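For reference, the chains in residue letters:
There are 2 protein chains.
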Amino acid sequence: MRTTAYLSLLVALVSLLILPSAPALAGAQSTDIPAQYRDVAKRLIDAAMSSEFAYERLALLVDEFGPRFSGTENLEMAIDWILQQMEADGLENVRGESVMVPRWVRGHESAELLEPRPQDLPMLGLGGSVGTPTEGITADVLVVNSFDDLAARSAEAAGKIVLFDVPFTSYGETVQYRGRGAVEAAKVGAVASLIRSVTPVSLRTPHTGGMRYAEDVPRIPHAALTVEDAQMLHRMQERGERIVVHLKMEAETLADVPSRNVVAEIVGSEFPDEVVVLGGHSDSWDVGQGAMDDGGGCVAAWEAVRLMKELGLRPRRTVRVALWTNEENGLRGGTGYRDAHLDELDGHVLAIESDGGVFKPSGFGFTGSDAAYEIVRQVGQLLDRIEAGRITRGGGGADIGPIMALGVPGMGLSVDGSRYFWYHHTEADTIDKLDPDEVARSVAAMAVMAYVIADLPEPLPR
Amino acid sequence: MRTTAYLSLLVALVSLLILPSAPALAGAQSTDIPAQYRDVAKRLIDAAMSSEFAYERLALLVDEFGPRFSGTENLEMAIDWILQQMEADGLENVRGESVMVPRWVRGHESAELLEPRPQDLPMLGLGGSVGTPTEGITADVLVVNSFDDLAARSAEAAGKIVLFDVPFTSYGETVQYRGRGAVEAAKVGAVASLIRSVTPVSLRTPHTGGMRYAEDVPRIPHAALTVEDAQMLHRMQERGERIVVHLKMEAETLADVPSRNVVAEIVGSEFPDEVVVLGGHSDSWDVGQGAMDDGGGCVAAWEAVRLMKELGLRPRRTVRVALWTNEENGLRGGTGYRDAHLDELDGHVLAIESDGGVFKPSGFGFTGSDAAYEIVRQVGQLLDRIEAGRITRGGGGADIGPIMALGVPGMGLSVDGSRYFWYHHTEADTIDKLDPDEVARSVAAMAVMAYVIADLPEPLPR
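Chain order of the listed sequences is A and B. Numbering follows my numbering, in which position 426 of the first sequence is assigned residue number 426; successive positions increment by one, without gaps. Numbering follows my numbering, in which position 428 of the second sequence is assigned residue number 428; successive positions increment by one, without gaps.
In isolation and in its complexed conformation, chain A is listed as follows (with noise of 0.2 Å):
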């Protein structure tokens, strides 16, 4: 890590001789961005795609800390480690933020076929589940394949483990039965719902992910089995056979404990409350290591902040990175936020987060005015180099959906998605599937748009 940090800082002084200093702006108009920011937006360009600084940062901080659940102690420790290095790195004001973060733990899990044959299903519970009674819950299994379905056989449910085999379509369409279907299931009487993993490609890997009850319907257990035990499951049911399984969980929800949002600044130099926020969640699920989700997203905002510090550059407004915590399981650092900077809202220009991977990106999802989308479309125009330029319509963050409730512009750094969700939520979610070069386009794009964005003469309209 050292060499390429010093490496880094070489590239960086060089650029401070060679290249001319950041563009006067005075008179700068909304409508020639890219002209006036060309060169400053190189030099951040430049800065990050010479160096694996990020990548290493974020082998370390997931290697070195792995998976950082709510409410456990190698999410505070990394929190500490992360204070520490911000202060290092020189940036600003940096300081961890209070929030209690619910803290569900998951202890032994497991899930056996008794009938048609004994086999261990490997299984994840999902979180926020219920646990079973201490001698497990031994049931028939029925499978179906929607809630439609469900519903068709709602008569055949009572007192059984309804297992949801529904195969992959988009995310959004497929996690419905993560989120709701042990709600469903308890309403026909089930005593447990399994759901196939919410993933298009698995090695038997089973995926958690957060899951809700309702009011008035009893709280039963809901956990994930993998894809392939899922349609298994389904053909012996096709063949007409009696399916047993054997489900122990020993889930459950504890006291809310304390976690802090970190916070960190460049802060700006003519309109200092005025602030461009960039961020991920610190959080992760208790697999794997959260390097995708979100270890990447963390260290791509944070490393956008850290270049701008080394190169010098400090705009008119304040650019802060944060670090959300408990975006999987209560998104008690995207709400704390907002209430804790309830008052500063109104000077948030800006909210841009990432949050699905830091793989190649080509640009950001935005949400916010015509008038803004003009802008940031122009600021895109710098990132055409690197591919990342692409503005599109609505785009945005979990954790900086409350703030963006309240008003404020939003933004998504837009990524190759095509194998996230293979990693999502799993043992899998790990540093080696990302690539160093991906994750400096990432670091590109977020540092210049949130540079230019913080520095331009006007600030971005609502």
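Read the hints as simulated data drawn from the structure, not as lab findings. These figures come from a predicted structure and were not determined experimentally. There may be inaccurate statements among the hints.
Given that identical chains are not distinguished, each listed pair holds provided it fits within a single copy or across any two copies.
To be verified - Calculated lysine to any residue pairs in the SDA-like style (CA-CA distance at most 25 Å, straight line):
(1) Lys360 to Pro200
(2) Lys360 to Asp216
(3) Lys360 to Trp422
(4) Lys187 to Pro218
(5) Lys360 to Arg235
(6) Lys187 to Ala152
(7) Lys187 to Ala371
(8) Lys360 to Arg316
Based on the hints, put chain B in the right spot on chain A.
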């Protein structure tokens, strides 16, 4: 399953009514094989391609019996079922031929990273490995990336667990570390050895497989970690961190136990003592379903012969399906077949194996004389219609290796191998990875090749 079985039968009956009967072959010359066998090849291909019977039979086999490891009740129950089904299919001389097989028992096993931070490391002990002492082995880890690297660092290896973090190139090259990693590590004083799983793709998926010890070298435990964890430990070492792992393996080798090669035939009408034998291996590793390795090869060969029976085709020579036992950790099925049939081997005109997964077939690899190759290539032309007619030089299979060594021409089904090693020897070797159409093509290729070679007026020359 019943529906398609009936459908398959119906197709067969209709074929008998509307197609000409098998061509008059008395005067057939090996120079115009495609013309002489076009009609019968069409019947076999049509029958194979119009049914999902083979796929569904394979699904039933692997779902109902699961993994079929040598020495387990699963394997013997699967063999019993196959024998019953073959009788019901009307095959002739259906029998199990006894062979003794090794019995390696995995037992409980685990690998835990203790330093620099605690974390479970998913792993699979390698077949034939000794276990650890009951309390396990706790030792520092030395990561190397090749045998040469180990040699260069041999002074550091004593008392350590050596981890071979070797990137996948080809199976043949990379599997060396699985095969003799324990020997090389023990030679320099290591107390255990670990490998990065032999695969180009991983979702934190350990791969098992065979390994060897050597005379006069201490036998140390040998296991596979995931690609992800091997790389992580390598990164930790590069950062100068101390790595400590606690390895526990109950693995042991017990006394040999009886198993069986399954053999069934359609006895030749003119030369019953001349044989085309085709098959796969009935055993699998003790993980996954062994659907690709090699349930699919077994069912493809079996179905090829069943279709001949169903279509009323009886070639001049005997066609014999053989499902060899214990390919994975002993090859006792292949050597046992050779020994039991030693007197008949002069009459074995061809041996065909499918053991590369019944993915989309492209043809066969052939090992035999030039004269035989010319004939086999002509038979291949009958498979051009399903793009499975390409005959290349060199090919065979592990189970037919022992009889090929005694002069029997041998042939292996060539398939699209792009995904085979993703699943190979893992929990993810399951039926859902296979495609019914591709399985049907494999059946068709095996059927046409076996039938025509068995029916030619002259035996395939050696």
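Return the numbers of the hints above that this structure violates; sort them in rising order.
The structure breaks hints 2, 7, 8; every other hint is satisfied.
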